[in-house]
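So you can see what is in the structure, the chains are spelled out below.
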Amino acid sequence: MTVAAPEANLGILPKSDGSATFKYGGYTVTASVNGPIEAARRDEHPYKAHVDVIVRPAAGAGGTRERHLESLLESSLSQIILVKDFPRCLIQIVLQVESVPANDYVNTKLVQAGINLPIIPALVQTAVLALLSACVPMATTAAAAVIAVVPAGGSTKAVVDPSQRELETAVSSHAFVFTAHGQLLLAESQGDFTMAEWEDAHATANKICCEAAKKDGMEMILDDEKQAGPDLQAFLRSTLEAKVTEDLQWR
Amino acid sequence: MAASLTFPRTTFAKLSPQPFLLANLSPPDPSLPSTRTNGRHPSQSRVPLVTTSSLSHAHGSAVVRTGDTTVICGVRGEILPVTGIPAYRPRSFTEADDVVAATVERWDELREYDLVVPNIELATGCAPQLLPGVPPSTLAQTLSTRVYELMHTCRLVDVDELRIWYHPARNTQEGGDEKMEEDGGEDEEEEARPELKAYWTLYIDLLFVSLDGNPFDAAWAAVVAALRDTKLPVAKWDVDRDMAICERNAQKGLTVKGLPIACSAAVFLERDQGLHLAQEGRHWVLMDPDRLEDEICQESVTVVVDRSGGETRVRALEKKGGTVVGVEAMREIVGLAERRWEEFSNAMPKK
Numbered sequence: 001m002t003v004a005a006p007e008a009n010l011g012i013l014p015k016s017d018g019s020a021t022f023k024y025g026g027y028t029v030t031a032s033v034n035g036p037i038e039a040a041r042r043d044e045h046p047y048k049a050h051v052d053v054i055v056r057p058a059a060g061a062g063g064t065r066e067r068h069l070e071s072l073l074e075s076s077l078s079q080i081i082l083v084k085d086f087p088r089c090l091i092q093i094v095l096q097v098e099s100v101p102a103n104d105y106v107n108t109k110l111v112q113a114g115i116n117l118p119i120i121p122a123l124v125q126t127a128v129l130a131l132l133s134a135c136v137p138m139a140t141t142a143a144a145a146v147i148a149v150v151p152a153g154g155s156t157k158a159v160v161d162p163s164q165r166e167l168e169t170a171v172s173s174h175a176f177v178f179t180a181h182g183q184l185l186l187a188e189s190q191g192d193f194t195m196a197e198w199e200d201a202h203a204t205a206n207k208i209c210c211e212a213a214k215k216d217g218m219e220m221i222l223d224d225e226k227q228a229g230p231d232l233q234a235f236l237r238s239t240l241e242a243k244v245t246e247d248l249q250w251r
Numbered sequence: 001m002a003a004s005l006t007f008p009r010t011t012f013a014k015l016s017p018q019p020f021l022l023a024n025l026s027p028p029d030p031s032l033p034s035t036r037t038n039g040r041h042p043s044q045s046r047v048p049l050v051t052t053s054s055l056s057h058a059h060g061s062a063v064v065r066t067g068d069t070t071v072i073c074g075v076r077g078e079i080l081p082v083t084g085i086p087a088y089r090p091r092s093f094t095e096a097d098d099v100v101a102a103t104v105e106r107w108d109e110l111r112e113y114d115l116v117v118p119n120i121e122l123a124t125g126c127a128p129q130l131l132p133g134v135p136p137s138t139l140a141q142t143l144s145t146r147v148y149e150l151m152h153t154c155r156l157v158d159v160d161e162l163r164i165w166y167h168p169a170r171n172t173q174e175g176g177d178e179k180m181e182e183d184g185g186e187d188e189e190e191e192a193r194p195e196l197k198a199y200w201t202l203y204i205d206l207l208f209v210s211l212d213g214n215p216f217d218a219a220w221a222a223v224v225a226a227l228r229d230t231k232l233p234v235a236k237w238d239v240d241r242d243m244a245i246c247e248r249n250a251q252k253g254l255t256v257k258g259l260p261i262a263c264s265a266a267v268f269l270e271r272d273q274g275l276h277l278a279q280e281g282r283h284w285v286l287m288d289p290d291r292l293e294d295e296i297c298q299e300s301v302t303v304v305v306d307r308s309g310g311e312t313r314v315r316a317l318e319k320k321g322g323t324v325v326g327v328e329a330m331r332e333i334v335g336l337a338e339r340r341w342e343e344f345s346n347a348m349p350k351k
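In order, the protein sequences belong to chains A and B. Sequential numbering from 1 applies to the first sequence in UniProt numbering. Sequential numbering from 1 applies to the second sequence in UniProt numbering.
Derived from the structure by calculation, the hints contain no laboratory data. Check the hints yourself; a few may be wrong.
Stated by the list, open to error - Only pairs whose alpha carbons sit at most 27 Å apart, straight line, appear in this in silico DSSO-like list of lysine-lysine:
no.	chain 1	residue 1	chain 2	residue 2
1	A	K84	B	K14
2	A	K48	B	K14
3	B	K257	A	K157
As the list claims (entries may be wrong) - Restraint ranges, calculated between C-beta atoms of paired labels, are given here:
no.	chain 1	residue 1	chain 2	residue 2	range
4	B	E295	A	N9	35 to 45 Å
5	A	G154	B	R9	39 to 49 Å
6	A	A102	B	S16	50 to 60 Å
7	B	G39	A	N9	53 to 63 Å
8	B	D158	A	A102	21 to 31 Å
9	B	T312	A	A203	15 to 25 Å
10	B	E311	A	R42	41 to 51 Å
11	B	I85	A	P101	22 to 32 Å
12	B	P30	A	A203	31 to 41 Å
13	B	D242	A	N9	50 to 60 Å
Stated by the list, open to error - If you want the ones that stay clear, here's a sample from chain B, every Cβ over 12 Å from chain A, calculated:
no.	residue
14	T6
15	P128
16	S210
17	K236
18	D240
19	G335
20	R339
Built from N, CA and C at the ideal position, the CB exists for glycine as well.
From just these sequences and the hints, can you work out the full model?
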């Protein structure tokens, strides 16, 4: 399946410290970042900044599922943000989901309690872009991917950026978030799989998320090296380069 | 002066938990093995204790204890008539089996009609930091979501056992009439098909009696044990009264597919300096963390494994909050989870 290339816009909200819109694989997410700002008394930590993530769904009010996504993002993002540089502060990230891919085969319920695994990459990517736009100091950036293992005539095959339909029929689905150095930051998998299958999915996702970092953008991509998906680190870099060039136009 | 600077263990733990755990894990004498503050080896889990059928008014119940984490789970079935389901998609008796077998598309009734409703209550005064009687905390909501999702992805309950059918009267009438009806023609055969009239909805309530770290493992084990213990009354649809009638004495046990067991670990870093320094310094992977360890450690891993089919199948995997655990460490944790599975499957009451 071919998915349209990712799209991103930085600094779209005039009032917040940083903001970004990210569009990929049917998901559109807008994020705003404010920080470091004064933390509420109960969130205050004497040695580090508190990272507060708020996820708002495309329709309806947030439920238990959003709380779960928030806790996942909070723990991961506070690892890459240099939280120790801002004691007693708050870095607030608000993620508004604008659109989600629709499945033509089933009518979707408005309120769902389960984990929404395929939305994790879109949320992480948007959050990282918004944090960069807000100039929040970070140790590294992060990139994320979803892999689904779908049955294909007796055996299984791994699909990068699966469609809703493929996710429905998948034996197992995996979401991975990697830092720019290729370390696994967040992993969420469900379904029925063996460790060997998980390691394969891990390797594929790692390739998508961190290939640019390893090559440092200098070497040519050889023909036999087939890209399984878009190079997300390169995308992150080019988006920011474009934004910086635009901001320096007045000179 | 030196004497005034010494204080007891518990004070040290409360004043500076991180150095306290570090001092325990790396003893000054290198010949001593590293132990945790609770006396366990880093890869040692607490012994699970499972008791079932302790609640008399629930259809199934279980109490699971691992160390000082105690959770009680009750399962109660309630009848949901199909007329009460918005956007109900009717299906006939013959279609039921054909559709599932023929197509890959799974019309997931369990999820679509919310036939299993897990809820976790943490505000019971089970731990000092959780106030009793407050709205559900983020932790409680996160746990509920994870339990809900895992129940669906594991397909623990077969929806077929939750269906309540209406068998038209023809089947129960005496032999004399049967001959006459057979002459009646095809029209009546069509009408005589069983009809799906209601579902059992399973309300799964979990209450934490006490919480000493690692709530998910205990909660999940309690759900599995309680469902294995669940016996629903045999129900039939009474067309005259337009309601489901349960038989007084007949009960049927729920079949639970497989035995998935959750196993959690926390990663303790020698130097908690944020990611740019995470690779420096030592780290320990602590299995089945207690409350102190849960509070200090930021990185946590949960794997759900099922070995009931012989080989190890991973049913869910979650890792968050750090970068220490990669492929290698994950493999080790799954290895330890296999051991944990054996422990739990021995602790589960035999059917």
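Hints the structure fails to honour: The structure conflicts with hints 5 and 19, although it agrees with all the remaining ones.
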